[in-house]
Every structure is written in structure tokens, then in C-alpha cells.
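Enquirer: Chains A and B are the protein sequences, given in the same order.
Each position in the first sequence, counted from 1, maps to that position plus 23 in my numbering.
Each position in the second sequence, counted from 1, maps to that position plus 23 in my numbering.
Some clues are possibly wrong.
In this list, chains with the same sequence are indistinguishable; a pair is considered to hold if it fits within one copy or across any two.
[To be verified] Capping the alpha-carbon separation at 25 Å, the derived lysine to aspartate or glutamate pairs in DMTMM-like fashion look like this: (1) Lys200 with Asp93; (2) Lys268 with Glu25; (3) Lys328 with Asp93; (4) Lys263 with Glu283; (5) Lys347 with Glu165.
No lab work stands behind these hints: they were computed from the structure.
Here the structure is a predicted model, which is why all the values come from computation and not from measurement.
There are 2 protein chains.
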Amino acid sequence: MEVRGLDEVRSLGNAVRGKIVFYNRPMDPTLKVTFEAYGKAVDQRTRGASVAAQQGAVAVLVRSMTTLSDENFPHTGLLVYEEGTRKIPAAALSTHSANELSALLKSNPKLTVNLKLSAAQDRFVPSFNVIGEITGRDLPQEYVVVGGHLDSWDLGTGAHDDGAGVVQSIETLRALKVLGLHPRRTVRAVLFMAEEFGAFGADEYAKQAKAKGEKHVAALESDCGGFAPVGFQVQGSDQKIAALKQFIPYLAPLHAASIEKGFSGTDVAPLGAQGAVTVGYVPVSTHYFDYHHSARDRMDAVDSKDLHAGAAAIATLTYLLAEKEL
Amino acid sequence: MEVRGLDEVRSLGNAVRGKIVFYNRPMDPTLKVTFEAYGKAVDQRTRGASVAAQQGAVAVLVRSMTTLSDENFPHTGLLVYEEGTRKIPAAALSTHSANELSALLKSNPKLTVNLKLSAAQDRFVPSFNVIGEITGRDLPQEYVVVGGHLDSWDLGTGAHDDGAGVVQSIETLRALKVLGLHPRRTVRAVLFMAEEFGAFGADEYAKQAKAKGEKHVAALESDCGGFAPVGFQVQGSDQKIAALKQFIPYLAPLHAASIEKGFSGTDVAPLGAQGAVTVGYVPVSTHYFDYHHSARDRMDAVDSKDLHAGAAAIATLTYLLAEKEL
């Protein structure tokens, strides 16, 4: 049974009982910042299974969260089974398959779908954040984090999400070292583990930072792809955002001068809750969801010049955060 | 005879007499804004022939102005023969051919090159700017121009340079019309002719505007490629630039929020000299010079989503320039 969203499933009530619910609301192709389109569509994947299960559905199929309207790669990602709700099977369909299934359902509303899934969630195992640092010249007990996350979904290798952020974080330390820059505060590159599954690495990092009394002044995350820079989004008080706008003259020559209020990133959010200014690197988002969480998210999808341009912007802002008054 | 630049040719004096001078200084690949790298290398092409001729050279070969370090497309462009200097033949070499020639010259410094060119500059013929407008609601005698240029170099069809700017200018009028927006000032889309050869269309437009007493308040040009937006560069007083920064909240949702002081564009410059605020659209520049002035600059080199994103930013700012106090 094809539906456009969660509310429709709720309104259908008993009509979905015993059926496979097929969520097929596409991402809005007119939104220029594709993350907005993603935000408006992804509830089908994250919560669609639970809502369908509550109405008695037996499984869900979800149109892939991608800006490509007809490609044959499924895009996977986080699904949350709500407490007390039956865990029904859920699978992503490529947009091509979703279009095809939709057409078949129109010509034959009694169409049956045979679903066989072998995926399962394995037990939890230990894993680790990876951390490197340049100790502060003057204020070693004050920390500025630059980070990305190590894990990815299983279909691709996680190049835009988030190999790019990982190498840009490492590159920030390398660049500071090569340039002989030794900023006042300690700069830490943190490669967070297990972001995709619930930010376990980020939570653990923040927990340990708090336990050790490490004062985190700022935390910058690159987790929006290895595309060319637009600028940065800052989460924090208007005063802090204004403070960061003082750095625009340093970022403008890199064409990364846009400093706006907004979401910073999943991995730095727990540090924000402890008082750090958190910052998200904003690259061009046009094609991020062409690759996101699919088999297409491999190294060859990343343009090395764009990746470098992003690293230059991130290293510059990280240095400024570690050196200047905030 | 391989050289790195004009000063080297001047310092060589008589040593270049009777020789073909081979300018082979690459664009700096480390500059993230590729227009800067272009600006630092392009004198080899624009003035190299005249400088070589002054030292008695018989011809010049010039390494292509491109960020691609090994491709087999020559990139052409403006060459200025200085008054009173002999017009010696000049040709662009692809970077691949330049690398090859350089290697051959190293292994055999007595290498001879046989140069046969059939290119010639034809006579001047009449051509025209193309203009469309939406007459201002309130101040029809005040003009805001949005433009690009119609002509291109002969090798490609001129897609990034500047078909993109042309369609974005037309799209601005279309968008205003479809959205039912009728701004206070007159908005003119101007498709300038003969930019590449010396901005003849732009000069003529400004001349006629002056003769007719048309007050041009602002002029926006898109001539840096059909890539995703970064923002805009503004040429004018610091006060005018500050006035334009008031529009950042409108541009930020389009990820086009960078408003910086800088060069606006060749076609709007003559209007700037008459008092208009001139603005240049700034897209991501990473790959502009992969295509610029070569056979690669065709429609398939333009990403339609990036082109649309640029048009949205340009239409937004054009509307604001035509509607708000500046």
C-alpha cells in the first residue's frame, strides 16, 4: 500500500493491517540546500516502521532518501524502533525501484510483494574514538576539537559521510604542524566512532571530557560531505555567533565566508551541551544525497580539489578558534 | 626556448631573437580560488607575444590557462598586441602538450618546432546586445541590470563562459514574472555581446544608458561559471558593501550568503564608472578553469542543479536590489 507519509498511515488506521506499507514521498527537488529536503522526508525511514507497526502493518518499504529521482541504488540509514512497538521488517528501495513499484501498484492495486530480508543487528562490540592533539602553547587546558566520524553505513565505504571529515580533521593537525603554527589552546582532532548508530563515540568523548574537567571552548565538525566550501554554521548564543563573524576576513579569501546560525553536527552536540561553541562545516550540498548512505559513497565520489578546499577552510577556522579571543 | 614568464624574456634580451618563446609557467594549483591563479598566470597569454616580439622572437607558444595539469585541450583567450609591436604568431598548447614539449626540450635543447597557424582576425561586423525588462512599479526610471555575455571563444560553445550567466539572467525575469513580483525599480536582463573581444557590448550599453539619462542603481553579472553558489562580490564604497550585507539573511537559506568586496565583472564595470553598485555572482571556482575557453566548455559540463541554485541566488539578490533601499 503506497503512502506519502506517517500521517497518512495514521489516518488509514485498520486499512494497513496485514499489509506492507510503501512510503514513497520523494525529497523536495526544489530545495537548494538538500539537507532541508532530507529533513522533511527522512521521518519515513526513521519512524515509518514504528508508525506502520502501530497500525498493524507487517513490513515497510521506504523510497530512498536521495535527490536522484531515478537511480538504482538503495540508500540506507538510521531506523528507530519505538519502545513497545513491534519491530517489523523495513527496507530501502532505490528511487528507480520505488517509481517502478508505484507504477505497478497503479496498474494493479492487488499486486503482492514478496519480501525476504537477511539483515540483522548484531551484538554490540567495543570500538574506539581516535584522537590526536597539538598541545596548546598558552592555554593547554582549553580544548578546540576538529572532528569527523569513522563509521559508515554498510553499503558504501563512507567517503562523503564521513571519510572526508576524518581526513580534513587529520589534515588540520598536519597543516598546523607543517606551517609551524602552535596555537594558544590545545587542538584535538577527534575521529568519532559509531555516529551513525546513535553517536555513541561522541557521547563517550563528552562524558570523559567532563569527568576529566577538560574545558572545551569550541568544537568543529565536518560531516556534510567533501564538497567545495560555502562556510560554517554555528550553534550557540547570538553573541558567540557574532564573535565568530570576526573571522570572516580570514575565510573570505578561501570562499568560505558564510558564517550563519544553524545546526553544527551530531558529534559535537554533546560538547555544545557542556558549553562549547559548536560549528559545522558547510560545503555545497547539491549532490550530497546522490551518494549518502549508498554504495555510491566511495572515494571516487570525492573531488580531491574540493576536499582540499574544505580542509583549508576548516584548518583556518580551527586555528583561529584555538588562537583568538572568542 | 622555454621560459617561466615575461620578466624572464625581458632579461634574456637578444637570446630570444629568431626563436619561438614557449611560456610554460603553470597556474598555481594550491590557490583555492582559481581566479587568483588565473590572474597570476594569464599575462603569459595576454602580453607574452608582445614582450617576446620586442626581444625579436618570431612566435610564442603558451601553456594553457587551466587547473588541469595534464589534459589534451588547448585553452585560448584574449591576446593583446601592444601598439607599435610586431604581431607575431601565438598559439595555446594543452597542458599535456606543454609538459611533453618541456620534456623534449630538456632531452634535446636544439629541438626545432615547426609552427603553422591558419587563424586570422576577421573584419568587424555588427552585433547586438539582447535586452528584456520588467518595468519598475514605483521607480521605473531607476534600473537594476542582471546580465551575462552572449559571445564565447571559438573552441567550445561557451557554457560556463557564459551561457550560464545568460540563462540565469533570463531566469531572473522569468522567476519574477512567475512569482508575481513586481519590484519598485526596473529590472533589465542584459545579454551583452562581444565581451571576450574587449567588452564592446558593455561599453555600448553604458554609453547609450548615459545618453538616455537612465539612472542605473545596480548591475549584477554572472560570468564566473554555472557552479554552485558561494555568494557575491561587490565593487563600490564600503558603505555600499555594508548596505548589501543587509541582504545576507535572504541569501543564507540559499547558501549564497558570502558578500565580500571584490571585482564584479567586465560587463558591468562601465556602469560602475557611472555610479551603479556593481556585483559579481561568485560560484565555486574549483573546476571553472577545467573548461574555460576550451572545447570542453559545452552544456554537458554544466550541472543543472548547480545552475539552478545560482539562478535562485541571483534572482533573489536582483529582486532585493530592485526593491529595497540601497
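Enquirer: Okay, which hints does this one fail, numbers in order?
Expert: The structure breaks hints 1, 2; every other hint is satisfied.
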